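Asks: Residues per chain are reported as follows:
2 protein chains.
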Amino acid sequence: MMPTIKDVAKLANVSIGTVSRYLNGYNVKEENKKKIELAIKELDFKFNPMAKGLRTNKTFSVGVLIPSITDIFCTQVIEGMQETFDKYNYSIIICDTRNKLENEIEKVKFLMAKRVDGIIIMPVSNNGEHIKLIQNSGMPVVLIDRLIENLSCDTIVCDNVNGAYEAVENIIRRGHRKIGIIAGPQNIYTAKERLEGYRRALNDYNIEINESFIVYSEYKKGAGYEAYERLLNLKDRPSAIFATNYETTLTGIIFFKNMGISIGEDISFFGYDQTELFQMLTPPLSVVVQPMNEIGKDAAELLVKRMNGDMSFFPLIKRLKTSIVVTDSIKNLIDTKIE
Amino acid sequence: MMPTIKDVAKLANVSIGTVSRYLNGYNVKEENKKKIELAIKELDFKFNPMAKGLRTNKTFSVGVLIPSITDIFCTQVIEGMQETFDKYNYSIIICDTRNKLENEIEKVKFLMAKRVDGIIIMPVSNNGEHIKLIQNSGMPVVLIDRLIENLSCDTIVCDNVNGAYEAVENIIRRGHRKIGIIAGPQNIYTAKERLEGYRRALNDYNIEINESFIVYSEYKKGAGYEAYERLLNLKDRPSAIFATNYETTLTGIIFFKNMGISIGEDISFFGYDQTELFQMLTPPLSVVVQPMNEIGKDAAELLVKRMNGDMSFFPLIKRLKTSIVVTDSIKNLIDTKIE
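Going down the list, the sequences are from chains A and B.
FYI, in this note's numbering the residues of the first sequence are 1 to 339.
FYI, in this note's numbering the residues of the second sequence are 1 to 339.
Read the hints as simulated data drawn from the structure, not as lab findings.
Since the model is a prediction, treat every value here as computed from it, not as a measurement.
Careful, some of the hints might be misleading.
Chain copies aren't distinguished; within one or between two, either way the pair holds.
Restricting the straight-line Cα-Cα distance to at most 25 Å, the calculated cross-link-like pairs of lysine to any residue (SDA-like) are [stated by the list, open to error]:
no., residue 1, residue 2
1, Lys34, Ala113
2, Lys257, Asn332
3, Lys114, Phe60
4, Lys221, Ala39
5, Lys87, Ile105
6, Lys29, Ser125
7, Lys235, Ile16
8, Lys114, Gln135
9, Lys132, Ile105
10, Lys87, Arg98
11, Lys33, Glu129
12, Lys331, Asn206
13, Lys221, Phe256
14, Lys29, Met112
15, Lys221, Ile317
Please take these sequences and the hints and turn them into a complete structure.
Replies: Set out below in C-alpha cells:
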C-alpha cells in the first residue's frame, strides 16, 4: 500500500496539519521540517495533491472580525484563540468592523478575496445575509458572542440570560428593590438576553418592574453617560445600577467618579466583564465574568474542525456559563444577617 | 486634452483615491459610485491602466504588526490609525506577533504574500533583516514606537528619554532620593531609552545611582512580579518605584494590592501609559502619557504618502512628545513647601 500523509505524520511525530503545511510550501519549524523530510525519504512517500481529502489550496490563514479593537472583551477572546490556531499553524488576520454593519460586510468580502480558510465573526447586528454568502462559497464560519436569528451557523455564546439573572439576584439578596439597568441596543443579541435576565430575576422575586429604571445605551467606547444621568435624575432613583457590558461599565465608573458619587456607599454598582483593574478599585467591582479565553478557544477549535471537513452537529450552538464576583460595590441594606 | 482621473474626482466631488478604488474594482459607497459613473460619462473618460502614476495592482489594504493584542498601547495606536486609513479607503489587517521575532518574520512574509500595499510594524526586537526585504520589494513600511539601529526606515517614536526623565524628576522634586526602576529588556529601543532618561535625571540632580535599584523585566502581560519583589526585599529599599511600560505598571498595581502595600503611603509609584482606569484608582496613578492616537495617525498618514509614491524626507524619524500626570501616588516627603 502507498504511504499516506498520515503515515508521514506518524513517523515524523508531528501533526497531519504540519505535514500538509510543509507539502503546500508553507513555513514549518526547522526541526519539524527535518523530521518530515526524513520520514518522506524513509517511507518513499510521493506527494499527490489530488489525493482524496487533502486540500491543496489552503492558505493557513483565518479571518477574525471584531466590533472594536479597544474593547477588552474582543481582545481577550482573540487571545484565547491564539493558542489553538498556533497549534494548528494558522495565521490570524484581525479586522475591526468598528460597530458598523457596512464595514462588516466589506471586511467579509475582503477576507474572502484574500482566500482565508475560515472566518470567525462577532457580528454587530442581527443581519446575516453576508454570512450566508460566506457559507454558500463553502468557507466555514463561526459566530461568537452573538447569535443571529434565522441563520444556520455555528455559534459560541455565553449564557447571557443567566449571567444577568445572577447579577440582579445578588443585588436583590442584599436588600435592593430599586434596581436600574443600562441596557444595550435591542438588535444586539447579548443586550436583548441580558435585559431578559434582568426582567426574569425581578419577576421571580416578585418585584414590580419600573420601566423608567430601564435605560438604553450603545455598546461602545464612551457610551452610556447620558443613561446614567437619566437614572440619577429620576425623582425616585434606583439604589443600585447594573451595567450590561464592558464599555458601559467603564463609563459608569468614570461617571460616578466625576459626580463625586461613591460606589458601594451612595450607589450600588454591578458591572460586566472581568478586568484586573476593576478588582483594583476601592471597593473592587462586582461583575459578571464571561469566560473570554474559553470562547476564543472553543470558536477556534470548532473552526479548525470545519476547515478539516468535519461538519458533525452543524449548526452547533454552544452556550458557555458565566460566573459572578460580588463585592462591597453592592451595599448590604439588610440589617440583620440570618445565619 | 484627455480627461484624467483628477478631473473625474473633481467633477464627482470625491477623492482621487475613491475614483482609483472604483476603477480598480473595489467597493465604494453606492452614492459615490453613482457620482463617479456620472462624471466618467460626462467627461467621456477612458480608463487607461498604463497612465503614469496610477498603480493598478493596489489592494487597498495595509498590514499592521503589533506585539500584543491585549496591550492597551497597541490597541490605542491602532485606533489612532483607523480614521486616517478610513479616509483613504484602506482596509487594515492586524496581526499579533506575540512578542516573538520568528512570528514577526513569518507575518511579514504572510502580508507580502497577501499583497498588501504597505506595512506598519511595532518591532519586537532590534533585528531589521526582514524589514529590509520588504523595502527591497518596493513595499513601503513604517515603524512605530521602536527605532531599529542600522536600518534606514521611516519611524514614528515617542521621546522616551525625556518622558522617563520628567517622571523621575517629579519623583525627586517630591523629596525622594531612593528611586527604583522596573526597566525593560535592553534590546528593546524604548526600554533602553527610558532607562537612559532615569539615569540622566538622577545624574542631573546629583543623586548617586544605586545599581541594585535597577531591576529588569520583560515587557509583556503579567511580567515584572519578581522585579517588584526584588526591590522590596532590598535591605535599603527604595521609597519610590518607576515602572516603564503599561504591562509592568499593571503588575505593580496588582503586586502592591496583593501585598497590602498602599500606593502613595507605603510606597510611591509612577507608571507608564494612560488608561482611564488608572485614574480611577485611589489615589489616581502618576503616569507618563504617550500620545498613542497621534502615533497611529502620523504613521498612517506617512504610510499613505509613501504608498502614493511620495518619498520626500526618507527616512523620516518623527519624535512625539510625551506628557505626565503627577498625583498623590507620589508621596510628598518635603515638610515645608517653598512658595
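Asks: Next, verify each hint and record whether it holds.
Replies: Right, here's what the structure says about each hint:
1. Lys34 / Ala113: between (33 Å within a copy, 24 Å between copies)
2. Lys257 / Asn332: Answer is both: 21 Å inside a copy and 24 Å across each meet the 25 Å cutoff.
3. Lys114 / Phe60: Answer is both; intra-copy 11 Å and inter-copy 12 Å each pass.
4. Lys221 / Ala39: This pair counts as neither: shortest intra-copy Cα distance 53 Å, inter-copy 39 Å.
5. Lys87 / Ile105: between (29 Å within a copy, 18 Å between copies)
6. Lys29 / Ser125: between (40 Å within a copy, 20 Å between copies)
7. Lys235 / Ile16: neither (66 Å within a copy, 56 Å between copies)
8. Lys114 / Gln135: both (16 Å within a copy, 22 Å between copies)
9. Lys132 / Ile105: This pair counts as within: shortest intra-copy Cα distance 11 Å, inter-copy 35 Å.
10. Lys87 / Arg98: For Lys87 and Arg98, the Cα distance is within 25 Å only across copies (14 Å; inside one copy 29 Å).
11. Lys33 / Glu129: Close across copies (22 Å), not inside one copy (42 Å); limit 25 Å.
12. Lys331 / Asn206: Classified as within; 21 Å inside a copy, 51 Å across copies.
13. Lys221 / Phe256: Within. Shortest intra-copy distance 17 Å satisfies the 25 Å Cα cut-off; inter-copy 29 Å does not.
14. Lys29 / Met112: between (27 Å within a copy, 19 Å between copies)
15. Lys221 / Ile317: Neither: 28 Å inside a chain and 32 Å across chains, both beyond 25 Å.
In this structure, the hints that do not hold are numbers 4, 7 and 15, in rising order.
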